[in-house]
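Student: Protein chains in written order, with this note's numbering: chain A, 1 to 190; chain B, 1 to 180.
Simulated from the structure, these hints should not be mistaken for laboratory data.
Since the structure is predicted, the reported quantities are computational estimates derived from the model, not experimental observations.
Quick reminder that beta carbons are idealized off the backbone N, C-alpha and C, glycines included.
There may be inaccurate statements among the hints.
Claimed, not checked - Chain B stretches covered by chain A per the calculated footprint, using a threshold of three residues with CB under 8 Å from any CB of chain A:
1. 17-24
2. 49-62
3. 170-177
What the hints assert, rightly or not - A few chain A residues facing chain B, derived, Cβ under 10 Å:
4. 25
5. 26
6. 28
7. 33
8. 106
9. 110
10. 141
11. 153
12. 173
13. 178
14. 182
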Amino acid sequence: MPHIALLESQPGIRGAMAFRPETARPLNDLVEVLLHAPNSLSPGERELIATYVSYLNDCHYCQSIHGAVAAAHLDGDEELVHRVKADFEHAAISTKLKALLVVASKVQRGGKHVTAEDVAHARSLGATDVEIHDAVLIAAAFCMYNRYVDGLATIQPRDEAMYRERGKMVARDGYVSVSKTYLPAEPVPR
Amino acid sequence: MAHIALPEGLPGISGAFVFRPETAKPMRELAHVLLHEPSSLTRGERELIATYVSSQNECHFCQASHGAAAACHLGEDDVVRRVKADFESAPVAPKLKALLSIAGKVQSDGKLVTAEDVERARREGASDLEIHDTVLIAAAFCMYNRYVDGLDSWQPRDDGMYAQMGQHLAEQGYLKSSQR
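Extracted from the complex, chain A is given alone in its bound form:
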């Protein structure tokens, strides 16, 4: 049971966002820019970073939904998502993405763990400053979203089909558009 009175019909972060639409809006705007808006990193690559960090933080809801969004962007390749979580160095992804996942995993433990060598390595494999910036911020942001979802003890169903369907919808329409299905049309004054 959630720690506070969240709508039981809305699992994970959706319940928390419906509870507090004023914070839901910037939270959705941020994830939209980081994961869905046009970028030189593909949506699939960015979702893999989000999924990997959520996996390291052991957040069931976030790693399941972002893993499903990633798979939807990657032609339904759920096996690749599992490989990245288990051992990304041996997964069938680009060397640049592997270097960015190293940076992301350091950020997950604490930003100060990222070294000049980690960044130089990513750059030598073709990562731009914006891509390094975005890898750092995606990792940092998921250290927020994961703690938000777990810290309120939100409902996190064990239902792969639910995540798979939702993942396809988010991959197609984006976060802000999908948020309209669970947020009120206008901010509710308190």
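Chain A is fixed; fit chain B onto it per the hints.
Tutor: Chain B alone, transformed into the frame defined by chain A:
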């Protein structure tokens, strides 16, 4: 030197915000709602939660700037130091102590927050909204702190600069930069 080419002369998160305005906008708006807009928790209390979490994450820029904003709201800086050192013995309300205890758990891992932690906060008068906002402030500073440190942004050791910044944040909030 920062890990990427951030604009020079802008400390901490300000340089990163100028580097990537598309992400700066929602990050500023989130901080503004959580720390500055009207709430049943005072601005000083909310800045203390942000400062405490930033101190647990050892982020110099964030604990110095939000500590200065808290001191500005509260009219003194001794309480800020005492909250960072040992909030249970600091001169703050029992409700805020219970919320700081929840924030400290969230800083480590959201799953560490127990029903007992939440019950204690409720017993001291915390509402569901206050508990929600405490969890999200703590979670959000786990993002801001990692962002500032993960880019190796410039974090001056300059108390006067943070005092000025804190005053700007306390008076103006988070939507516009304190840097000119």
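Student: Does each hint hold? Answer for all of them.
Tutor: Now the hints, each set against the structure:
Chain A is given as covering the stretch 17-24 of chain B, and this holds because 4 residues of the stretch bring a CB closer than 8 Å to a CB of that chain, at least three being needed. Look at the stretch 49-62 of chain B against chain A: 3 of its residues bring a Cβ nearer than 8 Å to a Cβ of that chain, three or more, so the hint holds. With 0 residues having a beta carbon nearer than 8 Å to a beta carbon of chain A, the stretch 170-177 of chain B misses the requirement of three or more and the stated coverage is violated. For residue 25 of chain A, the interface hint holds, the least distance from its beta-carbon to any beta-carbon of chain B being 7 Å, beneath 10 Å.
Using the Cβ-Cβ criterion of 10 Å, the hint placing residue 26 of chain A at the interface with chain B is satisfied: the shortest such distance is roughly 4 Å. Interface hint status for residue 28 of chain A: upheld, as the beta-carbon distance to the closest one in chain B is roughly 8 Å, under 10 Å. Look at residue 33 of chain A: its Cβ gets to within about 5 Å of chain B, closer than 10 Å, so that hint holds up. Satisfaction of the interface hint for residue 106 of chain A is found here, the shortest Cβ-Cβ separation to chain B being roughly 7 Å, below the 10 Å cut-off.
The beta carbon of residue 110 of chain A comes within 7 Å of a beta carbon in chain B, closer than 10 Å, and the hint placing it at the interface holds. Evaluation of the residue 141 of chain A hint against chain B yields a held restraint, the C-beta minimum of about 5 Å falling below 10 Å. Given the 10 Å rule on beta carbons, the hint for residue 153 of chain A holds: about 7 Å separates it from the nearest Cβ of chain B. Residue-level restraint check for residue 173 of chain A is violated (minimum Cβ-Cβ distance to chain B is 18 Å; threshold 10 Å).
About 16 Å separates the beta-carbon of residue 178 of chain A from the nearest beta-carbon of chain B, more than 10 Å, and the hint is not met. For residue 182 of chain A, the shortest C-beta to C-beta distance to chain B is roughly 16 Å, which exceeds 10 Å, and the interface hint is violated.
Hints 3, 12, 13, 14 from the earlier list are contradicted by this structure; the remaining hints agree with it.
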